[in-house]
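Residue numbers (the working numbering), protein chains in the order written: chain G, 32 to 269; chain C, 32 to 269.
No lab work stands behind these hints: they were computed from the structure. None of the values given here were measured: they were computed from a predicted structure. Among the clues, some could well be false.
It does not matter which identical chain is meant; a pair holds if it fits inside one copy or across any two.
What the hints assert, rightly or not - In the BS3-like style, the derived pairs of lysine-lysine whose C-alpha atoms are separated by at most 27 angstroms in a straight line are: (1) K179 <-> K33; (2) K219 <-> K198; (3) K106 <-> K198; (4) K198 <-> K179; (5) K148 <-> K106; (6) K242 <-> K105; (7) K242 <-> K148; (8) K33 <-> K242; (9) K219 <-> K242; (10) K179 <-> K242; (11) K33 <-> K148; (12) K33 <-> K198; (13) K198 <-> K105; (14) K198 <-> K242; (15) K219 <-> K106; (16) K33 <-> K106; (17) K148 <-> K105.
Number of protein chains: 2
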Amino acid sequence: MKTIDVCLTPDLLHLHTDSLENSIVVVADVFRATSCMVTAFAHGVNSITPVATVEECSQLQGRGYLAAAERNAKKVDGFDLDNSPFSYMDERLIGANIAMTTTNGTYAITRSRNAVKVLVGSFLNLEAVVRFLQGERYDVLILCAGWKGRVNLEDTLFAGALIERLKDEYMVPEDSGLMALRLYAQAKNDLPAYLAPSSHVRRLHRLSIHKDIIYCLQHDLYDVIPVLRGSALVSMEV
Amino acid sequence: MKTIDVCLTPDLLHLHTDSLENSIVVVADVFRATSCMVTAFAHGVNSITPVATVEECSQLQGRGYLAAAERNAKKVDGFDLDNSPFSYMDERLIGANIAMTTTNGTYAITRSRNAVKVLVGSFLNLEAVVRFLQGERYDVLILCAGWKGRVNLEDTLFAGALIERLKDEYMVPEDSGLMALRLYAQAKNDLPAYLAPSSHVRRLHRLSIHKDIIYCLQHDLYDVIPVLRGSALVSMEV
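So here's chain G without its partners, still in its complex pose (with noise of 0.2 angstroms):
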């Protein structure tokens, strides 16, 4: 039986070494890297590139991308785009290759490379994800990006809710996974309420955002799967 398991953090990736390169790692940054990524592609972007830091986000938009740099929720100076998924859909991104940090997902996301599949997942394509992994052969690993090194309950909650969703089909080997799945199952009938007394989303109310709180946590928006195909993003149809 194949196996799902649940990074809660980056800072635990070093658990999963050895698996990691016979597994499909499947990141999640709920608010909001992740939620934007997906949004962005069910509206036509050609690619992102994630890259860790801001210096290297810049010297990509003197390349000719759209950059968008974020760092503790909030827009860094002189970048296109936010890291509002509601900055997304706008039809002058349609083929366009956007550049993004921001500071949890993407680094999520370059520290995965090893792994056989990297997807991006989140609420919003979450049964894509799911019919996707169903038809494949391979160990899955959830990596939650945190913040900042630290678990967070959105991300646990994605894992929790993917896991609900293929529990019948893999084995969930370690208390992490365990975790998630109950956490998921207490808080379904109310996301909304049951973050309402996380830290992120109170650092995000901090900045009004709660109309990006709201739209993260729907599920099964859109189909498509972001995919890391070299050092870029693309678009995976399911």
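Position chain C against the provided structure of chain G, taking the given hints into account.
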């Protein structure tokens, strides 16, 4: 207001380096190291010296200590005591000085040395730990010992139980604490059933240690708190 935070595994302790020296750390390795330690002091042991390696444990044995060495949930050959709490309910241990090394728990204790105080927690002495912390002015960090760097459910549930009893007097700043609190709320009416599918309970069942599990999940049996003084744990009555 004081804060209470949770480090889900020693492999994330680097995130707490700055706060450690201003915090009281409560180390939990519910199955079974910290439950053994609490039981040992409740039955009259004089001191327990936690050491990181089997070699150090053997050296202290050569100097007259009773020695307890566990690896992968089993006693290492040549040592005096195993990792079952029932082994510490023995009149011959009254006044004894014990050297102990375990897969996870003693490592977590030795990693916490820079804290204001290092306390040993378990469900068995939960209320004693609560009462002690209520009288102190420091922030609290609960360090879950986990399993070889991975998070585990039982130590996370202990963290949730401690936070539940302290939540009127402490702020929970991070999501790890919130997750622990909510998992415990979900689990507390039947901890053994809730933990049945967890990785370490399955591991212990293979070793036929069911009665240890049930024992370690009992709340508030003892009033002792093992506390680190120099390199040894001694008993503090509350």
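Structure-based check of each hint:
In this assembly of identical chains, K179 and K33 lie within 27 angstroms of each other by CA distance solely across copies; the values are 23 angstroms between and 30 angstroms within a copy. For the identical chains of this complex, K219 and K198 are neighbours both inside a copy (16 angstroms) and across copies (24 angstroms), given an alpha-carbon limit of 27 angstroms. With identical chains, the CA atoms of K106 and K198 are never at most 27 angstroms apart, being 38 angstroms at best within one copy and 35 angstroms at best between copies. In this assembly of identical chains, K198 and K179 lie within 27 angstroms of each other by CA distance solely across copies; the values are 25 angstroms between and 29 angstroms within a copy.
Proximity of K148 and K106 under a CA criterion of 27 angstroms is satisfied in neither setting, with 29 angstroms inside one chain copy and 41 angstroms between copies. Taking the shortest alpha-carbon separations for K242 and K105, only the intra-copy value of 15 angstroms comes in at or below 27 angstroms, while the best inter-copy value is 53 angstroms. When the C-alpha separation of K242 and K148 is checked against a cutoff of 27 angstroms, the pair qualifies neither within a copy, at 32 angstroms, nor between copies, at 44 angstroms. In the homo-oligomer, the alpha carbons of K33 and K242 never lie at most 27 angstroms apart, since the shortest distance is 37 angstroms inside one protomer and 32 angstroms across protomers.
Taking the shortest Cα distances, K219 and K242 sit within 27 angstroms of each other inside one copy (19 angstroms), while across copies they are farther apart (35 angstroms). With identical chains, the CA atoms of K179 and K242 are at most 27 angstroms apart within one copy only, with a shortest distance of 23 angstroms there and 40 angstroms across copies. In this assembly of identical chains, K33 and K148 lie within 27 angstroms of each other by CA distance solely inside one copy; the values are 16 angstroms within and 44 angstroms between copies. Taking the closest pair of Cα atoms, K33 and K198 come within 27 angstroms of each other only inside a single copy of the chain (10 angstroms); across copies the shortest separation is 40 angstroms, beyond that limit.
Taking identical chains as interchangeable, the C-alpha atoms of K198 and K105 are never at most 27 angstroms apart, the minima being 36 angstroms within one chain and 31 angstroms between chains. In this assembly of identical chains, K198 and K242 lie within 27 angstroms of each other by CA distance neither inside one copy nor across copies; the values are 31 angstroms within and 30 angstroms between. Taking the closest pair of Cα atoms, K219 and K106 never come within 27 angstroms of each other, the shortest separation being 30 angstroms inside a single copy and 43 angstroms across copies. Taking CA atoms no more than 27 angstroms apart as the test, K33 paired with K106 passes in neither setting, with 40 angstroms inside one copy and 32 angstroms between copies.
Taking the shortest alpha-carbon separations for K148 and K105, neither the intra-copy value of 30 angstroms nor the inter-copy value of 38 angstroms comes in at or below 27 angstroms.
Going through the hint list in order, the structure does not satisfy hints 3, 5, 7, 8, 13, 14, 15, 16 and 17.
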